[in-house]
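Just so you know, the sequences run in chain order G and W. First residue of the first sequence? That's 1 in our numbering, and the numbers climb one at a time after it. First residue of the second sequence? That's 1 in our numbering, and the numbers climb one at a time after it.
Note that these hints are calculated values from the structure, not bench results. Here the structure is a predicted model, which is why all the values come from computation and not from measurement. Please note that a few of the clues may not be correct.
Interface residues of chain W toward chain G, partial, derived using beta-carbon atoms under 10 Å [stated by the list, open to error]:
1. Leu-56
2. Thr-57
3. Pro-58
4. Arg-101
5. Gly-104
6. Arg-128
7. Ala-148
8. Gly-156
9. Pro-171
10. Gly-187
11. Ser-252
12. Val-254
13. Lys-270
14. Asp-276
15. Tyr-283
16. Lys-288
Just so you know, even glycine gets a beta-carbon here, dropped at the ideal spot from N, CA and C.
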Amino acid sequence: MAKGWQDGVRNRPLYWPRDYLMNGDPKARNVLALLTALFLALAVGFALVPAQPGAPVRVPIVPRSALAIAPMTVRISAAQLVKSGGDVSGLDCYACHHKESPPEIKSDAAHRIVLPREHTDLILGMRNCAECHPPSDPVKLDYDDSGNVIVPKAHKGLVSMAHGRNFRNENCYNCHDRDQLDQLHTPDGEKLKFEQATLLCASCHGPTYRDWLAGAHGRTAGYWDRSAGPIDRQECASCHDPHAPAFTGLIPMPGPHLLHPLPKGQPAPSKPDDHAL
Amino acid sequence: MPFDTEEDGMSRRSFLRTSTVLSAGVAAVAAGLAPLRKLGEFTSVDQFLQKYYKELTPQEMKTVLERIETEVQRQYGVRPHVRDYKPMNGVEYVYALNLTRCVGCRKCVHACVAENNQSRNPEIQYIRVLKMPNDGTFDMDKGDHNYAPKSVPEPGFFFMPVQCHQCKNPPCVKVCPVKATWQEPDGITVIDYNWCIGCRYCEAACPYFARRFNFASPSIPSEQLNTNMSYLGNRPRYKGVVEKCHFCIQRSRVGRYPACVEVCPTGSRKFGNILDPKSEVSYILKNKRVLVLKAELGTLPRFFYYFDI
């Protein structure tokens, strides 16, 4: 009689896998055989199809040009932004051009200003009246019955007055000199040049000017560490149109979507608790 | 007993059976482990054996940075500059956000994504702008982040961007079981992406919803990769690690403003050194009405909201 057998009956415990396969429960045997076949098939499959990295997903993403200003090269790249056809609505000429050394303005034979090619899509605000009205040829102003200046039709859209609406309003002459429009003056009579426009604003908006001096109002870029580099500050008129200083609305950039792109026609999830990341 | 000859050793039949089962088992194990072969493309032995950030010597850190540069170059085809920027002495960063001025244009969100190499698909964004009803509460649950009007701001609402508050008492750091996230001396809470195990405890612990998890390998178009990278900051993350706002560590630690500050068209975002009494954030905290989100939790954020009026 073999070891482990007594009268044809096992007298020692089963051990895996040999005894199970040979003498064990036929159900377990079948399951084991099935699993073995499955994994063998998998092994053949993996061996035949070599692992390959998935192709990187190309996703329509918010283009960098949609940002008013590229974050890496703020302000410095404004000219590049103009060239690349980005949104230049928030730009001011002096973001690129220094006030001390303004660019030479070229005129054609008919005395019209020739715009450089990279500025063709730039809407030049008529901030400097002297571009068209030189001081040697002063403008004669017309008034309506209540003493307000009648803005000529040709200026529609160029100058819209939405500033200084109080009971002492003198329209243009709140800020501009009566005789010389390219000269400024504060309400208490202090004469200022165009370059000192920020001081003119400060003469009415004291608290905001104080905040601006401390850095708490207005855009900042560049270096917070003054020893590492310069801070780039904007003057009042860089952001606010002096004739209509209140901001108009902005188009918001796209909201969060976990996966791009959404199928066409499917609205964005509107519930705030959609557990999107 | 012709079929049982155990005493003499192994029969031919049992040998064949055993060897078949064994080889099948080996093949099955190999099949089960086969997906691991893919891992070699993402995880090198050096990366796997890399030490904890705080234990790396400068020489080792140099090797690690070079290895990461090579990894990024292999994946994106662009060689980045990965640096390990150290905190400056006498500097503690504080952020102030003007709720009176913010119009909710979300330019900060997308500038942040571009600067910090966040995954574009699946999308990861550090800043979440909430459209809040003007009802006098600051209940974040009432905020809607999916607003999409034609023009912002909207009457009757104010807009509150929320990002990592860089708490002085950060709950996320407390819960990390492997100390993969910690607070630096300049106040920035950072993550060692090579040490994070992806348990997401920190994500659950954060009361400001500031942490994001990489459920999949991040996908960033190569041409949009920002190659100015830092180890603790904006280098490409791995699948299965947590990330969050780090005040643009690669910018702030060389003295520059974070990307969200520079891009904000209304100048609502202010950033600086609170230890410098002349900085704009010092002025704001001294002179403005300041609000801390969820102050009752005692997290002591370094991120303040303020009002002009």
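The hints, checked one at a time:
For the restraint placing W:Leu-56 at the interface with chain G, the shortest Cβ-Cβ distance is roughly 26 Å, beyond the 10 Å limit, so the hint is violated. Hint on W:Thr-57 is violated. Least Cβ distance to chain G is approximately 27 Å, over the 10 Å limit. Interface restraint check: W:Pro-58 against chain G, minimum CB-CB distance 22 Å, threshold 10 Å, status violated. The beta carbon of W:Arg-101 comes within 8 Å of a beta carbon in chain G, closer than 10 Å, and the hint placing it at the interface holds.
Interface restraint check: W:Gly-104 against chain G, minimum CB-CB distance 6 Å, threshold 10 Å, status holds. A least Cβ separation of about 7 Å between W:Arg-128 and chain G falls short of the 10 Å threshold, and the interface hint therefore holds. Residue-level restraint check for W:Ala-148 holds (minimum Cβ-Cβ distance to chain G is 6 Å; threshold 10 Å). Checking W:Gly-156 against chain G: minimum C-beta separation of about 14 Å lies over 10 Å; hint violated.
Taking 10 Å as the C-beta cut-off, the interface hint given for W:Pro-171 is violated, the closest approach to chain G being about 19 Å. Annotation: W:Gly-187 was flagged as interfacial toward chain G, and the flag is violated, the nearest CB pair being 14 Å apart, outside 10 Å. Given the 10 Å rule on beta carbons, the hint for W:Ser-252 holds: about 7 Å separates it from the nearest Cβ of chain G. The beta carbon of W:Val-254 comes within 6 Å of a beta carbon in chain G, closer than 10 Å, and the hint placing it at the interface holds.
Interface restraint check for W:Lys-270: the shortest CB-CB distance to chain G comes to about 6 Å, inside 10 Å, so the restraint holds. Taking 10 Å as the C-beta cut-off, the interface hint given for W:Asp-276 holds, the closest approach to chain G being about 9 Å. Because the beta carbon of W:Tyr-283 sits about 4 Å from the nearest beta carbon in chain G, less than 10 Å, this interface hint is met. Because the beta carbon of W:Lys-288 sits about 7 Å from the nearest beta carbon in chain G, less than 10 Å, this interface hint is met.
Checked against the numbered hints listed earlier, the structure breaks hints 1, 2, 3, 8, 9, 10; every other hint is satisfied.
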